[in-house]
Amino acid sequence: MNSPWEVLVLIVLLFGRVAGAQRTFKYWFVFGDSYTTVHFNYTSTQPSPQNPIGNPPFPGVNTCTPTGRAPNWLNYLLNTYNTTLTLAYDFAVAGAKVDNSLVPIGGTPASFVDQISRFDDGYTDGKGSGRPGGMLNDWNGDNSIVAIWFGINDIGLTYNQPNRSTFNDELLDRYFELVTQLHVKYELQNFLFFNMPPMDRSPQGVQMSNHATETPIIADFNAKLAQRVQAFAFSNTTALRVLMDIQTLIGSLLDNPQENGFANATSVGTGREDIWCNASHLSPAAHDFIARAVVSVLNDTQTKTSYNIL
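For the sequence shown, the positions run -20 to -1, 1 to 290 when mature numbering (1 follows the signal peptide of the UniProt record, and there is no 0) is used.
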(Lines of atoms letter the chains of each structure in order from A and count residues from 1; the text may use other names and numbers.)
(Lines give C-alpha, C1' and ligand atoms only; values in the text may rest on other atoms or scores of the structure.)
Protein backbone atom coordinates (compact mmCIF):
# COMPACT_ATOMS: atom_id res chain seq x y z
CA MET A 1 0.00 0.00 0.00
CA ASN A 2 1.31 3.43 -0.90
CA SER A 3 2.49 5.79 1.80
CA PRO A 4 0.28 8.87 2.24
CA TRP A 5 3.41 10.94 1.55
CA GLU A 6 3.58 9.60 -2.00
CA VAL A 7 1.88 11.35 -4.87
CA LEU A 8 -1.69 10.16 -4.57
CA VAL A 9 -3.90 11.48 -7.32
CA LEU A 10 -7.13 9.88 -8.42
CA ILE A 11 -7.99 11.37 -11.78
CA VAL A 12 -6.25 14.17 -13.59
CA LEU A 13 -8.18 15.25 -16.64
CA LEU A 14 -5.60 16.05 -19.29
CA PHE A 15 -6.67 17.28 -22.71
CA GLY A 16 -4.19 17.76 -25.53
CA ARG A 17 -0.81 16.24 -26.22
CA VAL A 18 2.57 17.81 -25.63
CA ALA A 19 5.89 16.70 -27.06
CA GLY A 20 8.37 15.55 -24.46
CA ALA A 21 7.98 13.89 -21.08
CA GLN A 22 8.07 17.02 -18.96
CA ARG A 23 7.09 20.65 -19.20
CA THR A 24 8.57 23.45 -17.12
CA PHE A 25 7.45 27.06 -17.17
CA LYS A 26 9.45 30.02 -15.93
CA TYR A 27 6.39 32.19 -15.36
CA TRP A 28 3.06 31.34 -13.76
CA PHE A 29 0.23 33.85 -14.14
CA VAL A 30 -2.35 32.87 -11.54
CA PHE A 31 -5.96 34.00 -11.22
CA GLY A 32 -8.41 32.96 -8.53
CA ASP A 33 -9.79 33.36 -5.03
CA SER A 34 -8.81 32.51 -1.44
CA TYR A 35 -7.82 28.96 -2.39
CA THR A 36 -5.00 30.45 -4.46
CA THR A 37 -4.18 33.90 -3.10
CA VAL A 38 -0.84 34.85 -1.55
CA HIS A 39 -1.88 38.53 -1.23
CA PHE A 40 0.48 39.65 -3.97
CA ASN A 41 0.57 43.37 -4.76
CA TYR A 42 1.65 43.69 -8.37
CA THR A 43 2.82 47.29 -7.87
CA SER A 44 5.28 46.31 -5.12
CA THR A 45 8.32 43.99 -4.98
CA GLN A 46 8.40 41.64 -7.96
CA PRO A 47 8.97 37.85 -7.95
CA SER A 48 12.63 36.85 -7.83
CA PRO A 49 14.79 33.81 -7.08
CA GLN A 50 14.89 35.01 -3.47
CA ASN A 51 11.09 35.16 -3.22
CA PRO A 52 9.23 33.53 -6.13
CA ILE A 53 5.94 35.25 -5.22
CA GLY A 54 7.53 38.70 -4.96
CA ASN A 55 5.58 39.96 -1.99
CA PRO A 56 4.65 39.51 0.83
CA PRO A 57 7.44 37.38 2.35
CA PHE A 58 7.06 33.74 1.33
CA PRO A 59 4.64 31.94 1.57
CA GLY A 60 2.47 35.05 1.49
CA VAL A 61 -0.84 35.69 3.22
CA ASN A 62 -4.11 33.80 2.86
CA THR A 63 -7.26 33.09 4.84
CA CYS A 64 -6.20 29.80 6.36
CA THR A 65 -4.79 30.71 9.77
CA PRO A 66 -4.80 33.66 12.19
CA THR A 67 -1.37 34.63 10.86
CA GLY A 68 -2.40 33.82 7.29
CA ARG A 69 0.95 32.25 6.49
CA ALA A 70 0.02 28.62 5.91
CA PRO A 71 1.20 27.38 2.49
CA ASN A 72 -1.24 26.67 -0.31
CA TRP A 73 -0.86 24.54 -3.45
CA LEU A 74 1.08 27.26 -5.29
CA ASN A 75 3.60 27.62 -2.46
CA TYR A 76 4.27 23.89 -2.47
CA LEU A 77 4.58 23.90 -6.25
CA LEU A 78 7.13 26.74 -6.21
CA ASN A 79 9.19 25.63 -3.23
CA THR A 80 8.78 21.99 -2.24
CA TYR A 81 8.39 20.30 -5.63
CA ASN A 82 10.30 22.65 -7.90
CA THR A 83 13.78 22.16 -9.33
CA THR A 84 13.94 25.09 -11.76
CA LEU A 85 13.62 28.85 -11.49
CA THR A 86 9.87 29.47 -11.43
CA LEU A 87 8.28 32.83 -10.68
CA ALA A 88 4.59 33.28 -9.86
CA TYR A 89 2.52 36.39 -10.47
CA ASP A 90 -0.50 35.54 -8.33
CA PHE A 91 -3.38 37.95 -8.89
CA ALA A 92 -5.86 35.87 -6.88
CA VAL A 93 -7.92 37.68 -4.24
CA ALA A 94 -9.96 36.22 -1.38
CA GLY A 95 -13.66 36.27 -2.16
CA ALA A 96 -13.09 36.72 -5.90
CA LYS A 97 -15.70 35.79 -8.48
CA VAL A 98 -15.59 35.57 -12.26
CA ASP A 99 -17.39 38.89 -12.75
CA ASN A 100 -18.87 41.03 -9.98
CA SER A 101 -21.64 42.19 -12.31
CA LEU A 102 -22.89 38.60 -12.58
CA VAL A 103 -22.72 37.98 -8.83
CA PRO A 104 -23.23 41.39 -7.21
CA ILE A 105 -23.62 39.94 -3.71
CA GLY A 106 -20.59 39.18 -1.56
CA GLY A 107 -18.88 42.52 -2.05
CA THR A 108 -16.62 43.54 -4.91
CA PRO A 109 -13.20 41.96 -4.41
CA ALA A 110 -11.05 41.97 -7.53
CA SER A 111 -12.77 39.57 -9.93
CA PHE A 112 -11.29 37.56 -12.80
CA VAL A 113 -12.05 40.62 -14.94
CA ASP A 114 -10.16 42.91 -12.57
CA GLN A 115 -7.27 40.52 -12.12
CA ILE A 116 -6.67 40.42 -15.87
CA SER A 117 -6.69 44.23 -15.87
CA ARG A 118 -3.95 44.18 -13.23
CA PHE A 119 -1.94 41.75 -15.33
CA ASP A 120 -2.33 44.04 -18.32
CA ASP A 121 -1.40 47.11 -16.31
CA GLY A 122 1.75 45.62 -14.84
CA TYR A 123 3.15 43.29 -17.46
CA THR A 124 2.31 44.53 -20.95
CA ASP A 125 3.65 47.38 -23.05
CA GLY A 126 0.77 49.68 -22.05
CA LYS A 127 -0.25 50.29 -25.65
CA GLY A 128 -3.26 47.99 -25.66
CA SER A 129 -1.50 45.39 -27.78
CA GLY A 130 -1.21 42.77 -25.05
CA ARG A 131 2.49 42.38 -25.79
CA PRO A 132 5.05 41.85 -22.98
CA GLY A 133 6.32 44.95 -21.25
CA GLY A 134 6.06 46.94 -18.06
CA MET A 135 7.70 45.14 -15.16
CA LEU A 136 8.28 41.91 -17.12
CA ASN A 137 9.18 41.93 -20.78
CA ASP A 138 10.40 38.41 -21.54
CA TRP A 139 7.28 36.30 -20.98
CA ASN A 140 5.71 34.58 -23.96
CA GLY A 141 3.34 31.77 -24.85
CA ASP A 142 6.00 29.10 -24.50
CA ASN A 143 7.68 29.99 -21.20
CA SER A 144 4.48 30.85 -19.34
CA ILE A 145 1.42 29.05 -18.01
CA VAL A 146 -1.89 30.43 -16.79
CA ALA A 147 -3.59 28.87 -13.74
CA ILE A 148 -7.28 29.63 -13.15
CA TRP A 149 -9.42 28.62 -10.17
CA PHE A 150 -12.86 30.23 -9.89
CA GLY A 151 -16.35 29.07 -8.99
CA ILE A 152 -16.26 28.62 -5.23
CA ASN A 153 -17.67 32.07 -4.43
CA ASP A 154 -19.81 32.29 -7.57
CA ILE A 155 -21.65 29.13 -6.59
CA GLY A 156 -21.49 29.55 -2.82
CA LEU A 157 -23.29 32.88 -3.04
CA THR A 158 -25.95 31.83 -5.56
CA TYR A 159 -26.64 28.08 -5.33
CA ASN A 160 -30.01 28.56 -3.60
CA GLN A 161 -31.31 30.94 -6.26
CA PRO A 162 -33.66 29.81 -9.08
CA ASN A 163 -32.49 28.66 -12.52
CA ARG A 164 -29.01 27.80 -11.27
CA SER A 165 -28.18 25.42 -14.11
CA THR A 166 -28.90 28.18 -16.61
CA PHE A 167 -26.83 30.59 -14.55
CA ASN A 168 -23.89 28.16 -14.68
CA ASP A 169 -24.02 28.53 -18.46
CA GLU A 170 -23.97 32.32 -18.18
CA LEU A 171 -21.14 32.18 -15.67
CA LEU A 172 -19.03 29.90 -17.85
CA ASP A 173 -19.78 31.97 -20.94
CA ARG A 174 -18.15 34.92 -19.18
CA TYR A 175 -15.38 32.73 -17.75
CA PHE A 176 -14.35 31.59 -21.23
CA GLU A 177 -14.66 35.05 -22.73
CA LEU A 178 -11.88 35.94 -20.31
CA VAL A 179 -9.92 32.78 -21.11
CA THR A 180 -10.19 33.70 -24.79
CA GLN A 181 -8.91 37.19 -23.98
CA LEU A 182 -5.84 35.73 -22.28
CA HIS A 183 -5.27 33.40 -25.22
CA VAL A 184 -5.96 35.73 -28.14
CA LYS A 185 -4.95 39.19 -26.93
CA TYR A 186 -1.94 38.10 -24.86
CA GLU A 187 -1.11 34.99 -26.93
CA LEU A 188 -0.82 32.80 -23.85
CA GLN A 189 -0.96 29.14 -24.83
CA ASN A 190 -0.71 26.93 -21.75
CA PHE A 191 -3.56 26.77 -19.26
CA LEU A 192 -4.25 24.91 -16.03
CA PHE A 193 -7.87 24.91 -14.86
CA PHE A 194 -9.21 23.81 -11.46
CA ASN A 195 -12.78 22.68 -10.95
CA MET A 196 -14.96 23.12 -7.87
CA PRO A 197 -13.99 21.17 -4.73
CA PRO A 198 -16.80 19.53 -2.73
CA MET A 199 -17.70 22.62 -0.73
CA ASP A 200 -20.97 20.96 0.26
CA ARG A 201 -18.81 18.60 2.36
CA SER A 202 -16.80 21.32 4.10
CA PRO A 203 -17.41 21.87 7.84
CA GLN A 204 -19.43 24.94 6.95
CA GLY A 205 -21.29 23.15 4.18
CA VAL A 206 -22.46 20.18 6.22
CA GLN A 207 -23.78 22.48 8.96
CA MET A 208 -26.07 24.31 6.56
CA SER A 209 -29.61 22.96 6.51
CA ASN A 210 -29.81 23.22 2.71
CA HIS A 211 -26.28 22.08 1.89
CA ALA A 212 -27.59 19.23 -0.26
CA THR A 213 -28.98 21.85 -2.64
CA GLU A 214 -25.42 22.85 -3.53
CA THR A 215 -24.30 19.34 -4.52
CA PRO A 216 -26.01 19.11 -7.95
CA ILE A 217 -25.08 22.73 -8.73
CA ILE A 218 -21.40 21.94 -8.18
CA ALA A 219 -21.70 18.80 -10.30
CA ASP A 220 -23.39 20.74 -13.10
CA PHE A 221 -20.74 23.48 -13.03
CA ASN A 222 -17.90 20.95 -13.08
CA ALA A 223 -19.39 18.95 -15.95
CA LYS A 224 -19.89 22.05 -18.06
CA LEU A 225 -16.43 23.35 -17.22
CA ALA A 226 -14.94 20.04 -18.37
CA GLN A 227 -16.77 20.27 -21.70
CA ARG A 228 -15.46 23.75 -22.32
CA VAL A 229 -11.89 22.94 -21.32
CA GLN A 230 -11.94 19.94 -23.62
CA ALA A 231 -13.11 22.04 -26.57
CA PHE A 232 -10.47 24.67 -25.76
CA ALA A 233 -7.76 22.02 -25.51
CA PHE A 234 -8.61 20.42 -28.83
CA SER A 235 -8.29 23.81 -30.53
CA ASN A 236 -4.52 23.56 -30.02
CA THR A 237 -3.11 20.10 -29.37
CA THR A 238 0.48 21.32 -29.07
CA ALA A 239 -0.18 23.38 -25.94
CA LEU A 240 -0.68 22.16 -22.40
CA ARG A 241 -4.32 22.63 -21.41
CA VAL A 242 -5.32 20.74 -18.31
CA LEU A 243 -8.34 20.45 -16.07
CA MET A 244 -7.45 19.41 -12.54
CA ASP A 245 -10.29 17.37 -11.07
CA ILE A 246 -10.17 18.79 -7.55
CA GLN A 247 -13.73 17.61 -6.89
CA THR A 248 -12.67 13.99 -7.23
CA LEU A 249 -9.30 14.40 -5.54
CA ILE A 250 -10.61 16.07 -2.38
CA GLY A 251 -13.70 13.88 -2.40
CA SER A 252 -11.44 10.83 -2.28
CA LEU A 253 -9.51 12.24 0.67
CA LEU A 254 -12.80 12.88 2.47
CA ASP A 255 -13.96 9.34 1.70
CA ASN A 256 -10.70 7.78 2.94
CA PRO A 257 -9.14 10.26 5.37
CA GLN A 258 -7.21 7.91 7.65
CA GLU A 259 -5.78 5.91 4.77
CA ASN A 260 -4.30 9.16 3.46
CA GLY A 261 -2.87 10.42 6.73
CA PHE A 262 -5.78 12.53 8.00
CA ALA A 263 -7.63 12.15 11.30
CA ASN A 264 -11.10 12.29 9.76
CA ALA A 265 -13.12 14.15 7.13
CA THR A 266 -14.00 17.10 9.38
CA SER A 267 -10.83 17.80 11.37
CA VAL A 268 -9.91 21.50 11.41
CA GLY A 269 -6.41 22.89 11.93
CA THR A 270 -3.07 23.28 10.21
CA GLY A 271 -1.52 19.98 11.23
CA ARG A 272 -0.66 17.14 8.87
CA GLU A 273 -3.73 15.25 10.15
CA ASP A 274 -6.23 18.01 9.26
CA ILE A 275 -8.09 18.25 5.93
CA TRP A 276 -9.63 21.66 6.66
CA CYS A 277 -7.91 24.69 8.16
CA ASN A 278 -11.20 26.39 8.96
CA ALA A 279 -14.88 25.98 8.15
CA SER A 280 -14.53 26.57 4.42
CA HIS A 281 -10.85 26.32 3.41
CA LEU A 282 -8.59 23.35 2.82
CA SER A 283 -5.60 22.80 5.08
CA PRO A 284 -1.94 23.03 4.05
CA ALA A 285 -1.81 19.22 4.02
CA ALA A 286 -4.72 19.04 1.58
CA HIS A 287 -3.09 21.72 -0.59
CA ASP A 288 0.01 19.53 -0.61
CA PHE A 289 -2.02 16.80 -2.33
CA ILE A 290 -3.20 19.32 -4.91
CA ALA A 291 0.36 20.50 -5.59
CA ARG A 292 1.56 16.94 -6.11
CA ALA A 293 -1.30 16.37 -8.54
CA VAL A 294 -0.19 19.40 -10.55
CA VAL A 295 3.42 18.22 -10.53
CA SER A 296 2.31 14.81 -11.77
CA VAL A 297 0.60 16.44 -14.74
CA LEU A 298 3.61 18.57 -15.60
CA ASN A 299 5.85 15.52 -15.40
CA ASP A 300 3.64 13.39 -17.64
CA THR A 301 2.10 15.40 -20.44
CA GLN A 302 1.91 12.80 -23.18
CA THR A 303 -1.55 11.36 -22.61
CA LYS A 304 -4.57 11.53 -20.39
CA THR A 305 -3.39 9.88 -17.18
CA SER A 306 -4.84 8.47 -13.98
CA TYR A 307 -3.16 7.67 -10.70
CA ASN A 308 -4.10 5.63 -7.67
CA ILE A 309 -5.16 7.04 -4.37
CA LEU A 310 -5.61 5.12 -1.16
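Hints were generated in silico from the structure; no laboratory data involved.
Keep in mind it's a predicted model, so treat the numbers as computed, not measured.
Treat the hints with care, as some may be off.
List of simulated lysine-lysine pairs, DSS-like, C-alpha gap at most 30 Å [claimed, not checked]:
# : residue 1 : residue 2
1 : LYS6      : LYS165
2 : LYS107    : LYS6
3 : LYS165    : LYS204
4 : LYS107    : LYS165
Check: Going through the earlier hints one by one, which of them does the structure break, listed in rising order?
Finding: none
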